[in-house]
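**Q** Numbering (UniProt numbering), first residue to last: 1 to 37.
In short, the hints are calculated from the structure, not lab data. Note that the Cβ used here is the ideal one computed from N, Cα and C, for glycine as well. A few of these clues could be false.
Unchecked claim - The following label-pair restraints were derived from C-beta to C-beta distances:
| hint | residue 1 | residue 2 | range |
| --- | --- | --- | --- |
| 1 | 14 | 34 | 16 to 22 Å |
| 2 | 1 | 37 | 31 to 37 Å |
| 3 | 31 | 2 | 19 to 25 Å |
| 4 | 31 | 3 | 14 to 20 Å |
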Amino acid sequence: MDTLVIGGGPAGLTAAIYLARYHRAVTVVDDGNSRAK
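Please put together the full structure from these sequences, using the hints given.
**A** Here it is as structure tokens:
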């Protein structure tokens, strides 16, 4: 694992996508609760 992203919101997922494009191993950790109502 090269990078750990805490939070699966818009900013965290965008960061993970950009890092993956540069061939970094990314792990995203989120609490699992949906933000949608």
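**Q** For each hint, tell me whether it holds in the structure or not.
**A** Do the hints match the structure? See the list:
1. 14 / 34: 16 to 22 Å: 18 Å, holds
2. 1 / 37: 31 to 37 Å: 33 Å, holds
3. 31 / 2: 19 to 25 Å: 23 Å, holds
4. 31 / 3: 14 to 20 Å: 19 Å, holds
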